[in-house]
Amino acid sequence: MTGKIIELEDVWVHYDGMPILEGINLSLNQNDFLGIIGPNGGGKTTLLKVILGLVKPSRGKVLVLGHIPGESRKLLGYVPQYSLFDHDFPISVWEVVLMGRSGQAGLFRRYSKEDKEKALQALEMVEMLDYKERQIGKLSGGEQQRVFIARALTTEPMLLLLDEPTASIDTPMQAGFYELLERLKQRMAIILVSHDIGAVSVCVDKIACLNHRLFYHNSREISAEDIEAAYQCPVELIAHGVPHRVLKEHPRDRSL
Amino acid sequence: MIDALQYEFVRNALIAGLLASIACGVIGVYVVVNRIVFISGGIAHASFGGIGLGYFLGINPILGAVLFSLASALGIGVLSKRTKLAEDIAIGVLWAIGMALGIIFIGLTPGYAPDLFSYLFGDILLVSHSDIIMMLILDVVIVSAVSLLYKEFLALSFDEEFGTVVGIPAERLYYLLLCLIALSVVVLIKVVGVILVIALLTIPAATSRQFTHNLKKMMLLSVLFGVICAVGGLWLSYELDLASGATIVLVSGVLFLVSLAFSRLRRRRRQGV
Chain A
1 MTGKIIELED VWVHYDGMPI LEGINLSLNQ NDFLGIIGPN GGGKTTLLKV ILGLVKPSRG
61 KVLVLGHIPG ESRKLLGYVP QYSLFDHDFP ISVWEVVLMG RSGQAGLFRR YSKEDKEKAL
121 QALEMVEMLD YKERQIGKLS GGEQQRVFIA RALTTEPMLL LLDEPTASID TPMQAGFYEL
181 LERLKQRMAI ILVSHDIGAV SVCVDKIACL NHRLFYHNSR EISAEDIEAA YQCPVELIAH
241 GVPHRVLKEH PRDRSL
Chain B
1 MIDALQYEFV RNALIAGLLA SIACGVIGVY VVVNRIVFIS GGIAHASFGG IGLGYFLGIN
61 PILGAVLFSL ASALGIGVLS KRTKLAEDIA IGVLWAIGMA LGIIFIGLTP GYAPDLFSYL
121 FGDILLVSHS DIIMMLILDV VIVSAVSLLY KEFLALSFDE EFGTVVGIPA ERLYYLLLCL
181 IALSVVVLIK VVGVILVIAL LTIPAATSRQ FTHNLKKMML LSVLFGVICA VGGLWLSYEL
241 DLASGATIVL VSGVLFLVSL AFSRLRRRRR QGV
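Order-wise, the sequence lines are chains A and B.
Counting in our numbering, the first sequence runs without a single skipped number right up to 256 at its last residue.
Counting in our numbering, the second sequence runs without a single skipped number right up to 273 at its last residue.
Some, not all, of what chain B presents toward chain A, calculated at C-beta under 7 angstroms:
id, residue
1, K151
2, V166
3, I168
Hints listed in this document are in silico derivations from the structure and should not be mistaken for laboratory results.
Glycine included, C-beta positions come from ideal geometry on N, C-alpha and C.
Based on the sequences and whatever the hints tell you, model everything.
Structure, rendered in structure tokens:
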């Protein structure tokens, strides 16, 4: 093992003959926090699924924690896109979070004491312990997002994958969400994927641009040229400078 | 009705109603929360091919129904998961092929097909002792599979992809769930018939959905509603001399509409306060 969390070398993915990912090279060290931005349909979710082993690349090499993807899945935490589940589903917060342990618990078995403890710790970590018995659909978007993060944390992952995590969170809740990510990045590597440049630039250490091809310089810097190449049109860098005068200190004027 | 209990066929009918309620209560909840009502409808109708085959081969038509409903469950599952065929097309094709095969087999069978109507529309008063034993065995299979795999089926129903990520064999379990639906269909055929099976797999679970946000409670409530509908429908059909299967379905339909009105009223009152 090289000590790298992930290593991708010249990875290509095709759907119906159309390339979705083209020659992706990417590596991530322990406790790196990488933000990936790019337009919708640019392959961001596909890239996460390659790392999770849910999508097989048509070419290239992928190593996740030194193993082929899929084998190391239990050491990954995954927070899927918010919109992809039935919000009316009859399930409580507690059941959702425990679900993160269902692989560890094993087929045919009930959740063990350890599973329940880990689920409690995860809920505590995202400050949602008081909502344990609530039905998931009764929570706000931001609260649901925290529950899904808790579910991903129950396996104590070495890498956390977040797919468009800010899409469901209204602006006043976002500051709290970034604080949570700040705490989490002490413990694990994180990849956060978003089409929202502002969301990504707030707390990441490194940033990349993805639109079929990946523009990445292993740093926090991203040039206007990269963004233009990824979006294929000039983009106004309104996010520039924003990261350090973040929302939480912003006085909320309610001039209704 | 009480004096009717001295007849064995009435006692059998009540036992059959209870056994059917268990299958439709437990599996119906998965049908409703997974939104696979029409997959279940497809499986139910396709099983008619097996009933025809049973007549043709001179074996118990229910055995044919087991075969065909399992095959169509796996067929719909594999076609919709493994190919790019849209799920509703897979359902439509197998639904129609199953029915057509049933009609052809029955046509090829010499003589008159006795009880054919009871397979199409159900006749709970015709349930035999051996039918009850078979229903009991299928109920045991269904309930033990669900209690052993409860957390997996919950994960699969709520978020299949996440289930795969944490190491649940989601695709195989989905096929198993479809097979359990197929077995429930067989349990229900004698009670309401191939054509109305979909009602009992949907309505009791949809009714209980109005009252709880917990899957286990939903199952228990569905079983209870199933029993109320089966016994109530049987009694009404006895008193009014109506077809038992259709009466059971109509009773459950009325119960559903009442529960819907009740829960809307409750919600409005809560918002009003």
